[in-house]
Amino acid sequence: MSAPGGHGVNAHGGGHPGLKSYFGVFGALMVLTALTVWAAFQHLGVWNTPVALAIAVTKALLVALIFMHLKGSPKLTIFIVVASVLWLAFLILITVSDYATRAWLPIYAR
Amino acid sequence: MSAEPEVIAPPRRVDYLNVRYGVKSWLLTTDHKRIAILYLISVTFFFAIGGLMAALIRLELLTPEGDIFQSEFYNRIFTTHGVMMVFFFMIPAIPSVLGNFLIPLMIGAKDLAFPRINLLSWYLYIVGALLAFYATVHGGLDTGWTFYTPYSTVYANGWVVLTGVGVFIAGFSSILTGLNFIVTIHTMRAPGMTWGRLPLFCWSMYATGIIQILGTPVIAITLLLVVAERVFHLGIFNPAQGGDPVLYQHLFWFYSHPAVYIMILPAMAVISELITAFSRKPIFGYKFIAASSMAIAGLSFLVWGHHMFVSGQSIYAGLVFSILSFLVAVPSAIKVFNWTATMYRGSVSYQTPMLYAIGFIGLFTFGGLTGLFLASMGLDIHVHDTYFIVAHFHYIMVGGTIMAYLGGLHFWWPKISGKLYPELWSRVSAWIIFIGFNLTFFPQFILGYLGMPRRYHAYPEEFQVLNVLSTAGASILGIGYVIPLVYFFWSMRYGKDASANPWGVTGLEWQTPSPPPTENFPETPIVTNEPYDYLTAAREAAVRG
Amino acid sequence: MAEAVPTAHAEPPQFQHHFVDMAAQREASSLGMWVFLVTEVLFFGGMFTAYVVYRASFRHDFEGASNLLDIRLGAFNTAVLIMSSLTMALAVWASAAGRRKLIIPFLLATILLGSVFLGVKFLEYKQKFEHHEVPGAHFVVPEGLAKPSELFFSLYFCMTGLHALHMIIGIGLLSWLILKARRGEFTPQYNTPVDLVGLYWHFVDIVWIFLFPLLYLLGRHTL
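Residue numbers (our numbering), protein chains in the order written: chain A, 529 to 638; chain B, 25 to 569; chain C, 763 to 985.
One or more hints might be untrue.
Claimed, not checked - Covered by chain A, according to a simulated footprint, are these stretches of chain B (three or more residues, beta-carbon under 8 Å):
| hint | segment |
| --- | --- |
| 1 | 316-329 |
| 2 | 415-428 |
| 3 | 537-551 |
Stated by the list, open to error - Keeping only pairs whose Cα atoms sit at most 25 Å apart, straight-line, the calculated DSS-like set for lysine-lysine is:
| hint | chain 1 | residue 1 | chain 2 | residue 2 |
| --- | --- | --- | --- | --- |
| 4 | B | Lys443 | A | Lys603 |
| 5 | A | Lys548 | A | Lys599 |
| 6 | C | Lys890 | A | Lys548 |
| 7 | B | Lys48 | B | Lys134 |
| 8 | C | Lys890 | C | Lys863 |
| 9 | B | Lys48 | B | Lys311 |
Rather than coming from a laboratory, the hints here were simulated on the basis of the structure. We put the beta carbon where it would ideally sit given N, CA and C, even for glycine.
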């Protein structure tokens with residue numbers, strides 16, 4: 529299964545994003561960077577961290593989907609990426625669940 | 025005039041062993057079969073080092089007093105035993121020897137996806153192992169193979185950094201092997217080799233690869249942090265600087281628990297092949313065995329806290345880890361049931377590989393059941409850090425994995441070497457190993473339950489009898505391990521030549537000569553049969569009359 | 763017997779013969795790189811775990827220590843790295859589109875931007891050294907903070923240090939790509955190395971996308 533020449537063969541045989549997408553993502557990333565810096569100085573209470581993380585995740589998704597051609601990649605590739613994030617989530621969340629639940633036992637509340 | 029007919033020797037068949045001679049042709053090979061041999065030789069060497077350490081341990085424990093070694097030196101001995109055995113034997117052995125050799129053959133491919141990365145992976149293993157070996161001969165370290173902080177990062181005298189770096193590098197060897205297996209099985213199966221026709225050996229090796237990929241990087245970064253902390257006095261795990269030793273344990277065991285499944289899944293891979301081959305019967309529950317391998321790979325990552333019940337970890341986290349640890353036993357049990365069902369009404373023959381396989385099923389089940397005891401927080405608190413734990417994991421790792429490794433080596437030896445090993449001696453040594461093993465480790469369950477701590481070089485007098493039994497068993501076990509070493513070598517010179525399929529079993533690897541040519545198959549095979557189709561073959565033979 | 767149709771001459775010279783055809787080789791190469799990136803996620807992930815745990819325990823000290831980082835240099839570096847991701851993506855595009863003359867300039871631009879990033883990082887490290895913010899024997903607890911601030915700096919150096927190491931390796935890989943490009947090795951039929959190095963470079967960018975807010979921004983709202 530070799531894709532016709534044209535704009536180049538790649539592992540998934542699918543089309544790559546065009547130049548416009550690349551520059552578009554670049555612009556978006558710069559804007560989001562400015563946004564996250566600005567948001568960091570705002571007094572959002574408990575929302576500072578979630579906002580920063582949401583912006584970071586958005587930037588990461590843009591890089592992964594467009595720059596890394598995840599959009600249009602075989603399902604297996606996407607599955608692998610999701611698995612890695614899921615596993616990292618296991619590592620962090622389960623470890624944190626230890627610390628977070630220690631105080632539930634009265635013995636620790638000294 | 026009649027001349028004496030010239031005797032022309034038939035041209036010697038070219039195979040992967042004789043296609044080229046010379047050290048360079050081995051050290052620069054990209055043939056997965058030669059790389060498997062390189063691994064075979066290396067892991068055997070480091071197993072011997074680990075075994076030597078075991079001998080010293082059992083020697084010291086003959087008497088209740090710590091009279092041969094100082095306690096600190098004894099600590100270095102068991103640390104080296106653990107490090108060598110876990111990282112430089114158990115983790116690489118079956119994957120890098122049998123997996124490397126067999127996976128391309130079993131799927132009808134010419135090689136693994138990345139042959140040069142395969143060779144790199146061996147060199148990384150060697151570099152890592154030699155660094156750790158250098159540390160060993162210069163005194164080793166006394167932290168235990170678990171490197172718990174802050175002892176390892178702040179207070180230990182010994183080769184922590186060098187050993188840590190050695191294990192780190194060997195970890196990348198493991199990662200690359202897993203990567204290679206995963207990509208190979210996804211992309212290089214022969215036409216007709218669907219996932220549903222994949223040998224169960226490959227299913228389990230694939231699951232092992234998943235664990236290697238997802239788990240090993242975490243211990244890699246953890247050891248790197250330990251080294252950085254030791255060298256730069258960072259304090260990440262040092263309470264005196266605000267650090268948390270329990271965090272180290274979380275990071276360490278996130279890998280090291282799945283690591284034990286890196287050690288057992290390949291063994292199960294072998295057993296699935298042996299049981300069906302020597303029962304001459306299709307494996308019972310193919311889908312269940314394949315699915316259970318994947319379930320083990322996934323679940324294994326969710327249970328690490330059962331190593332930390334007494335560390336100060338939250339009781340509630342402990343509860344969840346406990347339940348999940350019970351759950352992870354289920355897929356393993358499913359495999360055992362399916363193997364047993366395979367044997368039922370099969371035409372069972374008891375050649376050496378089958379002896380090892382049956383031994384595996386018994387010993388692994390036994391060890392696995394004791395694992396359930398340990399999954400129960402209430403009991404684990406009493407036997408944690410005692411010989412009960414030591415016995416548990418040795419039943420799985422030695423009674424399980426090493427028996428499977430030996431069974432697999434015997435089963436595929438004709439394919440690997442083109443020679444038959446001597447069946448009588450192999451059965452004798454299998455029995456010696458079985459008896460020696462049980463004599464070594466069963467008393468340790470009792471010792472642990474009675475309260476003898478692990479990692480101690482001295483113990484109360486009333487424990488001596490059981491310790492003497494254990495040491496006696498270890499001597500027998502050692503002899504049992506040496507005998508195959510001797511006759512495998514002997515067979516390479518004097519053994520009978522093996523045909524392509526000396527066992528008369530199914531599987532693509534047996535459709536090519538023994539030993540195989542470098543490219544494995546003269547033409548790419550096309551797979552039309554279901555795996556383990558003994559019934560079809562028998563029916564066809566009956567029809568032919 | 764096999765009248766094997768000799769497809770070999772149809773495949774580019776970089777075809778490896780243990781594969782069935784070039785498409786299989788491409789598929790395997792791409793899958794291999796993605797699997798490798800998975801390991802990198804977990805590799806960095808261990809340190810992110812340590813960060814999460816310690817930040818939760820020592821919020822005040824972490825926020826205070828974070829404010830000691832130079833946000834302008836951090837933001838500047840973030841912009842530089844994003845730019846380098848663009849030039850990398852353009853290099854991959856150029857190689858796939860057969861725009862051979864553009865490959866090397868884009869690769870060079872990526873190297874340049876990556877080097878700028880590293881230069882700024884070096885500057886930052888130097889500043890920390892001068893302010894006794896390097897953990898270890900010479901660490902001095904900053905004004906208004908307590909001992910756990912050293913943990914922040916330990917994680918800062920380990921995480922950005924490992925990231926920088928990955929950048930250095932990336933620059934090495936890009937240089938290797940330039941050598942190959944000079945030999946005219948990349949065509950629309952075969953640009954796998956550019957594609958794979960691109961994946962690696964973008965991943966390193968993604969790591970920084972998370973490092974920047976977690977290390978530089980977490981305490982700014984307290985100012």
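Handout entry: 25 Å limit on alpha-carbon distance, applied to hinted pair lysine 548 (chain A) and lysine 599 (chain A)
Key = holds (15 Å)
Practice task
Take a quick look at whether lysine 443 (chain B) and lysine 603 (chain A) sit within 25 Å of each other, Cα to Cα.
Solution key: violated (45 Å)
Problem - Agreement of lysine 48 (chain B) and lysine 134 (chain B) with the hint, judged by alpha carbon distance not exceeding 25 Å - result: holds (21 Å)
Exercise for the section: Measure nothing beyond the straight line between the CA atoms of lysine 48 (chain B) and lysine 311 (chain B); if it is 25 Å or shorter, mark the hint as holding. Expected result: Outside the cut-off at roughly 44 Å; violated.
Exercise for the section: Could you grab the alpha-carbon distance between lysine 890 (chain C) and lysine 863 (chain C) and see if it respects the 25 Å cut-off? Expected result: violated (42 Å)
Handout entry: Pair hint lysine 890 (chain C) and lysine 548 (chain A), alpha-carbon separation not exceeding 25 Å
Key = Violated - the C-alpha atoms of lysine 548 (chain A) and lysine 890 (chain C) are around 41 Å apart, more than 25 Å.
Handout entry: Outcome, coverage of the segment 316-329 of chain B by chain A - at least 3 residues whose beta-carbon is closer than 8 Å to one in that chain
Key = Check passed, 3 qualifying residues.
Exercise for the section: Count the residues of the segment 537-551 of chain B whose CB lies closer than 8 Å to any CB of chain A, then report whether that count reaches three. Expected result: violated (count 0)
Exercise for the section: Three residues minimum, CB to CB under 8 Å: does the segment 415-428 of chain B make the cut for coverage by chain A? Let me know. Expected result: violated (count 0)
When held up to the earlier numbered hints, the structure conflicts with 2, 3, 4, 6, 8, 9 and fits the remainder.
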